[in-house]
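Visitor: The chain contents come next:
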Amino acid sequence: MERVFAILALIAWLGPLLGRRPLALARLTRHTAWIGAALLLHIGAMVAEAALAGRVPLDSMRFGLGALSMWVMLGWLYLRRQPRMELLEALLLALGVVLLGAGLLAPGGGPPERLDTLWFPLHVVLILLGLLGFAVSFTLSILFLVVRRRLKQRRLRGIARLPSLETLDRRNYQSMALGFVALTAGMAVGGMWAATHPESSMGPDATIWGTLLLWVWYAAGLHVRLVSGWRGRLAAIFGVGGFAGLGVFVLFAVVVLQGWHGGVG
Amino acid sequence: MRLVAIGVSHHTAPVEVRERLAISPGLVPGLLDDLRQDRVGREAVLISTCNRVELYAVPTEGTGPEDVARWLVERQGLGSRRIEQHLYRYQQRDALRHLFRVASSLDSMVVGEPQILGQVKEAYRVAVAGQGAGGTMHRIMDRALNVAKKVRTETGIGREAVSVGRAGVELARQVLGSLKGRSALLVGAGAHGKLVARSMLSYELGELVVANRTFERAADLARQLQASATHLDDIARFLDRVDVVVTSTAAGRVLIDRAMLAPVVRRRRYRPLVMIDLSVPRNIDPSVNDLEGIYRFDVDDLQEIADQGKQRRVAAAVAAEQLVDQETRAAWKALLVETIHADIGGVVKRAEAIRVAEVARASGTLAGLSDKDRRAVEAMTRAIVKKVLHSPLSRARALASEGERAAVDDLLRALGAPELQKDDDA
Chain A
1 MERVFAILAL
11 IAWLGPLLGR
21 RPLALARLTR
31 HTAWIGAALL
41 LHIGAMVAEA
51 ALAGRVPLDS
61 MRFGLGALSM
71 WVMLGWLYLR
81 RQPRMELLEA
91 LLLALGVVLL
101 GAGLLAPGGG
111 PPERLDTLWF
121 PLHVVLILLG
131 LLGFAVSFTL
141 SILFLVVRRR
151 LKQRRLRGIA
161 RLPSLETLDR
171 RNYQSMALGF
181 VALTAGMAVG
191 GMWAATHPES
201 SMGPDATIWG
211 TLLLWVWYAA
221 GLHVRLVSGW
231 RGRLAAIFGV
241 GGFAGLGVFV
251 LFAVVVLQGW
261 HGGVG
Chain B
1001 MRLVAIGVSH
1011 HTAPVEVRER
1021 LAISPGLVPG
1031 LLDDLRQDRV
1041 GREAVLISTC
1051 NRVELYAVPT
1061 EGTGPEDVAR
1071 WLVERQGLGS
1081 RRIEQHLYRY
1091 QQRDALRHLF
1101 RVASSLDSMV
1111 VGEPQILGQV
1121 KEAYRVAVAG
1131 QGAGGTMHRI
1141 MDRALNVAKK
1151 VRTETGIGRE
1161 AVSVGRAGVE
1171 LARQVLGSLK
1181 GRSALLVGAG
1191 AHGKLVARSM
1201 LSYELGELVV
1211 ANRTFERAAD
1221 LARQLQASAT
1231 HLDDIARFLD
1241 RVDVVVTSTA
1251 AGRVLIDRAM
1261 LAPVVRRRRY
1271 RPLVMIDLSV
1281 PRNIDPSVND
1291 LEGIYRFDVD
1301 DLQEIADQGK
1311 QRRVAAAVAA
1321 EQLVDQETRA
1331 AWKALLVETI
1341 HADIGGVVKR
1351 AEAIRVAEVA
1361 RASGTLAGLS
1371 DKDRRAVEAM
1381 TRAIVKKVLH
1391 SPLSRARALA
1401 SEGERAAVDD
1411 LLRALGAPEL
1421 QKDDDA
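Going down the list, the sequences are from chains A and B.
Note that the working numbering has the first sequence beginning at 1, numbered continuously upward.
Note that the working numbering has the second sequence beginning at 1001, numbered continuously upward.
Calculated directly from the structure, the hints in this document are not laboratory data.
Be aware that a few hints might be false.
No more than 25 Å apart at the CA atoms, straight line, and that leaves these computed lysine-lysine pairs for PhoX-like [to be verified]:
| id | chain 1 | residue 1 | chain 2 | residue 2 |
| --- | --- | --- | --- | --- |
| 1 | B | K1349 | B | K1310 |
| 2 | B | K1121 | B | K1149 |
| 3 | B | K1333 | B | K1150 |
| 4 | A | K152 | B | K1310 |
| 5 | B | K1180 | B | K1194 |
| 6 | A | K152 | B | K1180 |
From a predicted model like this one, the values you see are computed outputs, not experimental measurements.
One chain only, chain A, in its complex shape (with noise of 0.2 Å):
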């Protein structure tokens, strides 16, 4: 059921990606009616999964792409009214499609003993807003790069059209900083549920280890960013391969892991 809304908001959310020709299609699917259509079949796919679960499904894998794919939706939609940001909306909603296209195959909740104290969610919402600002973080650097390759070969065709590299850069170390102290405090809550919950047998596992890794990624790039004042081209690179990163384990974890922490978490 939640996969039938899940796909539905899937194809609706393609609409507008396909760009401004034809232009009959291209006012249909930027049109607020289909927008509102796809937004509340989304809504529709997390609400059918929370159903069916009978509580909200924070530890479910799928449940999780989803909301992270909606917040995504959202910046999209605020975007959509901000003069210069078509390319960033662009690249929005595509990350937006990604994320909910991978919590399609991504596996379901487990069992609902987890949700007994407010420190599995309270650290399942603290990962999401971490991927979050990792994902803005992402979008924004691959525009920086764009533009900033462009004003360095000087082709300045419509160039103005596209926001400046100040704006990109200081939206970029700020969405950075966000989901840097995010992931860190969600990994410091989890890290004192599993203390307190000797039963769920969370031991050191390749998510653990993965995530580890993703902060001391990201904690090098506002290192060097804070301390030597490499921004910019530097911090970009910081966040494209940060993301990058977090793709190919978000794969990892879909296919090999079967859930977050390998079907256990």
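Dock chain B against the given chain A, drawing on the hints supplied.
Guide: Same frame as chain A, but now just chain B:
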């Protein structure tokens, strides 16, 4: 409702004619006062800029555009025939459309330039302060200012850079975001460099330093631009802290090369530096563009940006003209309808007086009614009056919007309008 527009602009008159008609802001209230004293116009706004002198007036009864034009020329003490041939005269909807085009910068020398809107606002303010603008002019000018804002927002006509100076600013902003509080170094006193520097200053640039081989020339230019001056040999020490460097010299050689900039990049901690080289031969080594954080552009890049801007403005101007036409039609109709508001009010008042009198006459018969029933009778009689008047008053508004003032007057008289407001529909 009558409106005339008389004037000269860069389209119709050379500067020798425009300067003779030009009126300084301090003298405008006197002119508007004379216009009323001489019974030529009831209300007026005068726009006087370097590219145009225009008088928008609500003329008195029996006064036409020719009379207003003649009065203006004589008032300025000019030989009428020579000047009059340069004057354009618009009336009614054409006058309104002209005002909308002027305020929207569609009639400007550089289409889309932003200054004209401020100049129109200022002319209106002066007219209001001197009591030259009344109810009709308020309605007209409010609409003109709204249309101008709408044109700028919806068509983006002023968004693109069309001059080399503004193109330099746009490129710097593309890297730095905003120029507010930033600092710039202008090397040389070439014309293009001055244009870019002036444009940057209008974007709230925090600091400008002018460097030149001849220090006196740098100091002179710095005075004009409210900047500080330095000698050409000193530019290296400014490279660490400025955000933009503009070179425009006749040195004929490279003044800033890669070896000079490489250590600067590290000292700047990779903070971006925009370098605009407007000199030919170039003053900035093109290879500095390979350094991290350095963005180098030359005069061809600025020209390309300006040319693109011009192309986009042409496209935007087509959309803007359509919008102005559409707004003119709607505004003119609305203005015509507004002229009969007072007369319609008179008809409604008279009908209400009849209703009240009739209800009072029947008060003896209605004496036995409860308060609730009495209120119901009041409401019912009011509804009858409203419904009976609805159709003829709608018809009157429709006729007014088509400029059929005589038919409107007949209709309102038939409805018992006490005394109609005078309005010529020339």
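Visitor: Does each hint hold? Answer for all of them.
Guide: Hint check results:
1. K1349/B x K1310/B: Roughly 56 Å separates the two Cα atoms, so the pair is violated.
2. K1121/B x K1149/B: Satisfied, since the Cα-Cα distance of roughly 12 Å is no more than 25 Å.
3. K1333/B x K1150/B: The given pair, whose Cα atoms are some 19 Å apart, holds under the 25 Å limit.
4. K152/A x K1310/B: holds, 24 Å
5. K1180/B x K1194/B: holds, 18 Å
6. K152/A x K1180/B: holds, 23 Å
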